[in-house]
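K.L.:
So the chains spell out like this:
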Amino acid sequence: MNRLLFYITTFVVVFLSLLPFAWFFNTSLKTPLEITSIPPVLIPSGTLRSYQSAIEEYNLLHYVKNSVIVAGSTTFFTILISIFAGYALARLRLKYKGVIMGSLLLVSMFPQISIAGPVWKILQSLGWLNSYQGLIIPYITLTLPLGIWILASFFRELPGELEDAARIDGCSHFQTLFKIMVPLAAPGVFTAAILVFIYAWNEFFFALLIMTQQKFQTLPVGIALFQGQYTLPWGEIAAASTVATVPLVFLVFIFQKRIVRGLSAGAIKG
Amino acid sequence: MNHVSFFSQMKLSLLTREKIFAIALITPCFLLVATLAFYPILYSFYLSLHKIILGLPSLGQPFIGLENFRELLSDKVAIHSLINTFIFVFSSTFLEIFFGLVIALVLNKHFRGRGMVRAAILVPWAIPTVVSSQMWRFIFNDNYGLLNYIVFGSVTSSYTAWLAHPVSAFSAIVAADVWKTSSFAGLLILAGLQTIPDELYEAARIDGASAWQQFRKITLPLIKPALLIALLFRTMDAFRVFDLVFVMTQGGPADSTNVLQFYGYKKIFAEGLMGYGSTISVLVFLIIFIVAIFYIKVIGTRLFQEKG
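Chains as they are written, first to last, in this note's numbering: chain A, 1 to 270; chain B, 1001 to 1308.
Bound conformation, chain A alone:
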């Protein structure tokens, strides 16, 4: 009886998690007529017309390119700076560690609107609105707390002997960090990279403010602003949404264990 209840619950949870997006994906493979038909068409004709139109008429690949540039650079720089700071906070003698970790936690909780106006003004005065660095640098700042908390928690768990041995063998601090510690903390680096990438790939609020020209807009902005002439181009929106989501679904299915661990390290453990 209990077992049955458990299986039913599991099934319902999985079903509700996947069904809505499966339906949207299904929509991306339909013709406009199939999209609007009642009763709904369950098995689409499988046409790739929506994808073609999203690429040709709505510049889909252009948004993909911007998203790859922005999310990729953000991930790279955030991880690099998080390795520096996370290592210093986890393993080196440093004053005010508690205050620094606490402030970072606070930053991760800032509502975007509370810094939006000033960030926009700063970027405007630098002439960085509608530029890649204008979005990448705020993203790095906002993902640093996540990266540092995860990496610090991984660095903290490494044994100190290896570090001492490297130092005795004459490695400089810098060599010790990059030759010994970073390879050992590779799972943490990887976990943090996945989470930072997902954040930067999905972020919408700042992208909307900073990238007002289509040329620089990322996928979420593009998808939010897709407009047809008379009606909403649902097939194209669904196709672009699928393109934006598929990489993430892959990441989740391959790395679910890491993601779960990273999320709880970032949110709870420290």
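Incorrect hints may appear among the rest.
[Stated by the list, open to error] No more than 27 Å apart at the CA atoms, straight line, and that leaves these computed lysine-lysine pairs for BS3-like: (1) 121(A) - 1109(B); (2) 95(A) - 179(A); (3) 1109(B) - 1224(B); (4) 95(A) - 1297(B); (5) 95(A) - 1019(B); (6) 1051(B) - 215(A); (7) 1051(B) - 1297(B); (8) 1224(B) - 1297(B); (9) 1266(B) - 121(A); (10) 1266(B) - 1076(B); (11) 215(A) - 121(A); (12) 1019(B) - 257(A); (13) 97(A) - 1297(B); (14) 1076(B) - 1051(B); (15) 1109(B) - 1217(B); (16) 65(A) - 215(A); (17) 1019(B) - 179(A); (18) 1217(B) - 97(A); (19) 1076(B) - 257(A); (20) 97(A) - 179(A).
The set of hints was computed from the structure by calculation and includes no laboratory data. Remember, predicted model here, so these are calculated numbers, not experimental data.
Following the hints, complete the assembly by docking chain B onto the known chain A.
P.N.:
Just chain B now, kept in the frame of chain A:
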């Protein structure tokens, strides 16, 4: 003697070098966070005390004291957005904790294919919010949305424009948020569940406790800290709701889904009222700040307990 003093000198310089290295390592992080997170917060406070209209640069930035805050108190839309935000935060957080608990209980069991189930549950969390917003907007569509078909079948004359009525539009936004973030709440609660030793359940079973009794007397009391963390975390996140509103309703109909972050965005960037909009920024910040301090305290005591 010489040897000793040389050694201590070297040790000192090693220590100093370590300190310098540590400071060098956190400098990039410090510079970024200081200029693009902390300075903007203070700048928002400063802006909120001035009259600044982006479209009228000739106006300058006259200091007007608390005038903007006074205006905020009599701004009906702002008050409405504040109330909406609170209702949204309470209802979505409550539902997310409930579904999160169900998800955590499922994932805490050992069964074949648990990895796949966990990945499937993470999918809504990973999907960009803009994508899930468009997806739900399509499902709630008045002419050919899936929901209308599920509720009314082929009787198209009864089809409802869910996003065009205040109560159903608001519920739709809550539903979309709950769908997307329950799994995250679930993971936080799961972390708490996993700290409960199996022996407790075995002992309870031997004593003849039912599954419900075990849940009430063992599980629930022991995951209270995890529930609290999930609750605070989700509360802070729910205060920031923006993407869903922007894509699904644009705050409408009749401001029924207008929330603080969306209202602030509109004031600053659509209407160019940098000064007045910043008052809303400050308000949202202060609300979150109170929750955040509470959260850091909870986490702090937890860390302290683990160490002690």
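K.L.:
Just to be careful, I want the Cα atoms of residue 97(A) and residue 179(A) compared with a cutoff of 27 Å; is the pair within it?
P.N.:
holds (24 Å)
K.L.:
Check the hint pairing residue 1266(B) with residue 1076(B) against an upper bound of 27 Å on the C-alpha distance.
P.N.:
holds (15 Å)
K.L.:
Do the alpha carbons of residue 97(A) and residue 1297(B) lie within 27 Å of each other, as the hint requires?
P.N.:
holds (16 Å)
K.L.:
Holds or violated: are the alpha carbons of residue 1076(B) and residue 1051(B) at most 27 Å from each other?
P.N.:
Satisfied, since the Cα-Cα distance of roughly 20 Å is no more than 27 Å.
K.L.:
What's the verdict on residue 1109(B) and residue 1217(B), does the C-alpha distance respect the 27 Å limit or exceed it?
P.N.:
Roughly 18 Å between the alpha carbons, so the hint for residue 1109(B) and residue 1217(B) holds.
K.L.:
Verify the proposed pairing of residue 1266(B) with residue 121(A), using a straight-line Cα cut of 27 Å.
P.N.:
Holds. Residue 1266(B) to residue 121(A) sits at ~16 Å (cutoff 27 Å).
K.L.:
Checking one constraint from the list: CA of residue 1051(B) to CA of residue 215(A), max 27 Å. Satisfied?
P.N.:
violated (33 Å)
K.L.:
Is the straight-line distance between the alpha-carbon of residue 215(A) and that of residue 121(A) 27 Å or less?
P.N.:
holds (21 Å)
K.L.:
Do the alpha carbons of residue 1019(B) and residue 257(A) lie within 27 Å of each other, as the hint requires?
P.N.:
violated (36 Å)
K.L.:
Could you grab the alpha-carbon distance between residue 1076(B) and residue 257(A) and see if it respects the 27 Å cut-off?
P.N.:
violated (47 Å)
K.L.:
Take the C-alpha atoms of residue 95(A) and residue 1019(B), compute the straight-line distance between them, and say whether it is at most 27 Å.
P.N.:
Distance ~9 Å between residue 95(A) and residue 1019(B) Cα, so the pair holds.
K.L.:
Hint check: residue 1019(B) vs residue 179(A), CA-CA at most 27 Å. Holds or violated?
P.N.:
holds (20 Å)
Of the numbered hints given earlier, the model fails hints 1, 6, 7, 12, 18, 19; all others are met.
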